[in-house]
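Novice: Take a look at the letters that make up each chain.
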Amino acid sequence: MPTLTIDNQQVTVHDGATVFEAAEQLGIVIPHFCYHKALGAVGACRMCAVTVHAGIFKGLQMACLLKVEEGMVVTTGDPRSVEFRARVAEWQMLNHPHDCPVCDEGGECQLQEMTIAGGHGRRRYRGEKRTYNNQQLGPFIAQEMNRCIQCYRCVRTYRDYCGGRDFGVMGSRNRVFFGRFQAGPLESDFSGNIVDVCPTGVLTDKTYRFKSRHWDLQEAASVCPHCSLGCATLPGGRYRELQRVRSGINEQVNGCFICDRGRFGSSYVNHPDRPRQARLAEQPVTVVDALQQLAGQARELIETHGPEAVLLLGSSRATLETNWLLQRWAAELGCRPPLLAAHTPRHQAARVAAFDLADRLASLAEVRQADLLVLFAVDPLAEAPLLAVALRQAVRNGGRVLVYDPRPVELPCEFEHQSLTVLQIRNLLAEETVESTLLRELLDRAARPVLIGGGDLLGAGGLRHLQRLATKASSALRPCLVHPVLGGPNSFGSALLSPPEPGEDDLLTRLESGRVKMLVCLETDPLLEAPDGERFADTLTRLDELVVFDYLPTPLSVHATLFIPSTAPVEAAGSFINNEGRLQLFGRVIEPGLPIAVTGGGDHPPREFFTVTPGSDPQPAWQLLQQLLGGRADLQAVRQRMQVALPCLAGFAELQPGGPGLRAAAAVAPGRFEESLPEQPLGSLQLLVTPARYGSDLFSRYADKLAPRFSAAGIILNPQDAAERGLNAGERVILDTDAGSYRLPLTCHAGLAAGCALVENSAAFPHLVPGGELGFCQVSAEVAHD
Amino acid sequence: MSTPQLLFKNRRPDETVFLDGYRASGGYQGLEQALKGMTPEEIRLLVKEANLRGRGGAGFPTGVKWSFFPAEAPGPKYLVCNCDEMEPGTYKDGELLLADPHQLVEGMILSAFALQTDVGYIFIRYAYQRQAENLRRAIAEAEAAGYLGKNILGSGFDFALHVHGSAGRYILGEETALLNGLEGKRPNPRLKPPFPATRGLFGQPTTVNNVETLANIPHIVTGGASWFRGLALTPGSSGTKLYGLSGHLNVTECFELPVGIPLREIVENYGGGVWQQRKFKACLPGGASTPYLTAAQMDTALDFDSLEKVGSRFGTAGVTVFDDRTCMVAVTLNLIRFFARESCGWCTPCRDGLTMVRWLLETIESGQGTGEHLEMLKEQLLNIRGNSFCALAEGAMGPVDGLLRLFEQEIIDHLEAGKCPVTGNRTI
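Chains A and B are the protein sequences, given in the same order. Going by our numbering, 312 is the number at position 293 of the first sequence; the sequence numbering is gapless. Going by our numbering, 676 is the number at position 256 of the second sequence; the sequence numbering is gapless.
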């Protein structure tokens, strides 16, 4: 723990810290370009020069590279350092165009800031500027290479950190070029991060081009809703339109980066078909009237038909507060406790995460530091993209990644893949194979092992096996941690609020009993978000009332007898609990309302004037529930009550958006260990339904910006299985499942485990939903019509 | 010629000596001697005692460099020969390999034995196709003769040697950039520490030495350390050196002469005097990155210490002479154009700083310059030198340093005349 003096202030830092970090600790910002805390120091830009007066190396030194020594004396503002940094800024600016007025980076440009901070203000160079031809890099990223100052951050992010391969550095001297070998869309699922790291306007968000200046944006620390990881984000909106999303920083979760699904998948908020008006039997009503109607009807039905008559359904994409208030409202109404997820198998898996695994959950930070990572039935790029980047960091630190998965899994790092069917993986976990013994030995030898389990394919039973394996592989010296991948952004939260109870039944059982007269769906559409959508659709006809609260134009919202618009996550404060039990708050970014771009028909300012904001009826679901409960409590008061009622949420009320969040630690309550795996019918294939990388979760499905990345419908078989059935790649085949028959074009992939059929859930094929019970199917040739 | 010829003893016009000729003149005796009677450590000590200094330009004592190398540590280790000779005015390694490639092969086998590495690479300049062919043939001959491969001369020592062609950029002469290039990566210099002796090629301990340095090893082994030291003319120096003469001299050839020979002797005796009966104005004593010497410094001994004392460097001993009708601004601009073009583009002072220097020199040389440009040039020297990522920009500023220190009046003449004052100069 050396102590040094920087600008006459003493500071003690951790061993191995650099002068740059020490200065940061004192709040002194040393101008810099190439240094980035996630990418490290490379000493390329030379901007962070400081003067060392006492130390081994005296004189001008690069603060980012210089390790602190005891007794060092450093100045950052002395004339020599300032003069040198001014020269570096001048060099950086030799070729930089003076196009700040039309540059998207203007106002949030590190080059602007550092040029000022560097003290360079007058152009003296009158030579020729070098210019480039730009490349088309696809729908997300705009490139303007003339602005480049060669900090190399983009390649260090795209290639080194995120493992992309189709973007790099070419050329030399002052003609260095950052781009693709040939123009074309960037292939990485993490391409947008180069926008965040670029210190100037070379790489900007194409979807946000010419929309706003940074200072005009409304921003708030937020949490990404696109998967269960809960990455920190910084969405920005203006004129009632969510215009862009940047990565936030949460060292425990995503670090500094996010995936493209999270970054470019936010335009669901501005979806043109988004329902913004309360409706009663197709007729517009005020929200107040709608709530009155709902409360009155619910009471009446319960009085007439008993507590089973009203079924309240929460959701894994609704906030923790909303789900909790839904439980309170059920108690007040006197109906049965609400179900907090439509997707029962996913909910059960989340409960295993929340209760059985509570004492051994690994954060993404722990994944990055692990030396052995074993993935059981997880395809990170589809189910939890940033997990793939975390795995890459583990590999870069010398860690090893083993993947047991039937799918042709791709990862942006080295890994060993064993293509096993789901049943084989379950057997492996149940320690019934030779491989299990080998795996145990590997785990025993590892210093920081983490098991990663996909809730969708493993199910609750598989995750419980994973828990048993982790317990056995733990020792007094070190635990073996588990990182479960779950279904939705608040799956863990919904599970935590509803511990398993004996004799409970699921959504379809209750609906099919015929006793339910009113179904209230709170920010969920079981038609799209739960398996057996057709069975669910059949039960709708038996209902007297279907009430839907949502902010997405889901099919269910069209069927609703009473519809009440709620706000999207960026339009209200709230909280989610991510897959490792981390409770995180998000703030309100924009107020709900029709974007001015819509009301003005592209004109600005709009030519029509209203006394109220058009489309501003949606209210936060928690607030709507609070009105049903008759109270006027604000969100803070709700959180106070929640942390009193639920000890595992201690600290909730003090939490702020944007921090690391806090672990909502439930007491470990191992579930009952019971599972009977179904027998595979002869000649059948195991049916695998996997989320598409884009357009499977409903947020991204309703995000038009992501449309270029949506995949087409199709089915994948192992070539051997296809040959046995006389099927050829490229042909349409018939997929017969319990849920129905589908015609799909066939692709063959040797990376898929034999004995499996793989389909992607997406906008093009929404019929089968990932995470259902282990099922089987038949695939056969299409019968020719003649 | 009275100088003992070590490296050039087999040099004949338009002729390359291969195994028979090399052996006939005592080749591979050093290797046999060492493998039979010396330990690796004894060779390392001998090289240290001989005070051999690196011939690639930096002049770091080879024995000291080798002492940092974990020779006794287990695991893969590499010996790399830097033959990416690309500094303007430097061509001695090329000459050596045209004349006598087995010297390098034997030198590398001996060095590999001293350092206990079992794989070696010769990283050779793109333009040296003939030299590369010579080396490949020499390696094949050495393999056939049992000097390379498994269990060399029954000693139990294994060594495999490979020739790797460079893609042809000046930066590849920087040893860590060279290692990146050899690994198939972009040849940006690496951050140091770790130094190559700790983490070099493919992350393993590596020593990188210049061709001429390695070719000296057999001679040191056979001749001994004190003999080698005695070859030099100045105290503290050792050995002979290949001096590549170029520029405005009557004879522009490469000579093997003692370290410490005075510049005057090189110019007058070996270079045959300045061409066209003109006068000596200045020279680069050790390649393009060394500051100029003027006529007043003609009696300076050409060795590491003496040249440092007069503000220049021995470098690679590529002596480039300029006559009295040469514009030194134009010469410096020419050199800076080379260095700016060869910058790898990694760090700002080199990539953009040299661009700025080039523009300043162009402005001055074309007669558009003002006092402000002269001040800016001084500012560039102060800020680029010592502050770049590797030695490229540092070296590039050598001539600029010489220009400002020795020829400032010539710059002022440009500013006052509004044009290049040197008659007949057509460099621009």
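Read the hints as simulated data drawn from the structure, not as lab findings. Every residue gets a Cβ at the ideal spot worked out from N, C-alpha and C, and that includes glycine. Warning: the hint list may mix true and false statements.
Each computed PhoX-like pair below joins lysine-lysine, with the alpha-carbon atoms no more than 25 Å apart [to be verified]: (1) B/K612 / A/K56; (2) B/K729 / A/K77; (3) B/K612 / B/K468; (4) A/K77 / B/K612; (5) A/K56 / A/K86; (6) B/K605 / B/K570; (7) B/K570 / B/K456; (8) A/K77 / B/K798; (9) B/K699 / B/K570; (10) B/K468 / B/K729; (11) B/K729 / B/K839; (12) B/K839 / B/K798; (13) B/K456 / B/K468; (14) A/K148 / B/K798; (15) B/K612 / A/K86.
With the Cβ distance kept under 10 Å, some of the chain B side facing chain A (calculated, not the full set) [said to hold, decoys possible]: (16) L466; (17) R761; (18) R771; (19) L774; (20) W779; (21) L802.
Example chain B residues on the side facing chain A (calculated, C-beta under 8 Å, incomplete) [said to hold, decoys possible]: (22) W647; (23) T768; (24) D772; (25) G773; (26) N803; (27) N807.
Novice: All the hints need checking, so say for each whether the structure fits it.
Specialist: Tested hints:
1. Between B/K612 and A/K56 the CA atoms are separated by roughly 20 Å; this keeps the pair inside 25 Å, and the hint holds.
2. Note on B/K729 and A/K77: the hinted pairing holds, with a Cα-Cα distance of about 23 Å set against a maximum of 25 Å.
3. A hinted pair counts as satisfied when its Cα atoms are at most 25 Å apart, and B/K612 with B/K468 qualifies at roughly 24 Å.
4. Pair hint A/K77 plus B/K612 holds up; C-alpha atoms about 17 Å apart against a cutoff of 25 Å.
5. About 15 Å separates the Cα atoms of A/K56 and A/K86, which keeps this hinted pair within 25 Å; it holds.
6. Annotation: proposed proximity of B/K605 to B/K570 is violated, straight-line Cα distance about 30 Å (limit 25 Å).
7. Proposed proximity of B/K570 and B/K456 is supported: the alpha carbons are some 16 Å apart, at most 25 Å.
8. Between A/K77 and B/K798, the direct Cα distance comes to roughly 22 Å. Compliance with the 25 Å bound is thereby established for this hinted pair.
9. Between the alpha carbons of B/K699 and B/K570 the distance comes to roughly 57 Å, so the proposed pair goes past 25 Å and is violated.
10. The hinted pair formed by B/K468 and B/K729 meets the criterion: a straight-line CA distance of about 24 Å does not exceed 25 Å.
11. Restraint check: the Cα-Cα separation between B/K729 and B/K839 comes to about 34 Å, which exceeds 25 Å; the hinted pair is violated.
12. Proposed proximity of B/K839 and B/K798 is supported: the alpha carbons are some 20 Å apart, at most 25 Å.
13. With a C-alpha separation of about 21 Å, the suggested pairing of B/K456 with B/K468 holds against the 25 Å cut-off.
14. Restraint check for A/K148 and B/K798: satisfied, since their Cα atoms lie roughly 22 Å apart, inside the 25 Å limit.
15. Between B/K612 and A/K86, the direct Cα distance comes to roughly 13 Å. Compliance with the 25 Å bound is thereby established for this hinted pair.
16. Taking 10 Å as the C-beta cut-off, the interface hint given for B/L466 is violated, the closest approach to chain A being about 32 Å.
17. Hint status for B/R761 relative to chain A: holds, with the closest Cβ pair at about 6 Å, below 10 Å.
18. Hint status for B/R771: holds, given a least beta-carbon distance of 5 Å to chain A, under 10 Å.
19. This hint holds: B/L774 has a C-beta 8 Å from the nearest C-beta of chain A, less than the 10 Å allowed.
20. Interface restraint check for B/W779: the shortest CB-CB distance to chain A comes to about 4 Å, inside 10 Å, so the restraint holds.
21. Against a cut-off of 10 Å between C-beta atoms, the interface hint on B/L802 holds, since the closest Cβ of chain A lies about 8 Å away.
22. Look at B/W647: its Cβ only gets to about 39 Å from chain A, farther than 8 Å, so that hint breaks.
23. Given hint, B/T768 at the interface with chain A, holds; its Cβ is 5 Å from that chain's nearest Cβ, closer than 8 Å.
24. The criterion of a C-beta within 8 Å of any C-beta in chain A is met by B/D772, whose closest approach is roughly 4 Å, and the hint holds.
25. Nearest Cβ of chain A to the Cβ of B/G773: about 5 Å, under the 8 Å cut. The hint holds.
26. Evaluation of the B/N803 hint against chain A yields a held restraint, the C-beta minimum of about 4 Å falling below 8 Å.
27. Evaluation of the B/N807 hint against chain A yields a held restraint, the C-beta minimum of about 6 Å falling below 8 Å.
Hints 6, 9, 11, 16 and 22 from the earlier list are contradicted by this structure; the remaining hints agree with it.
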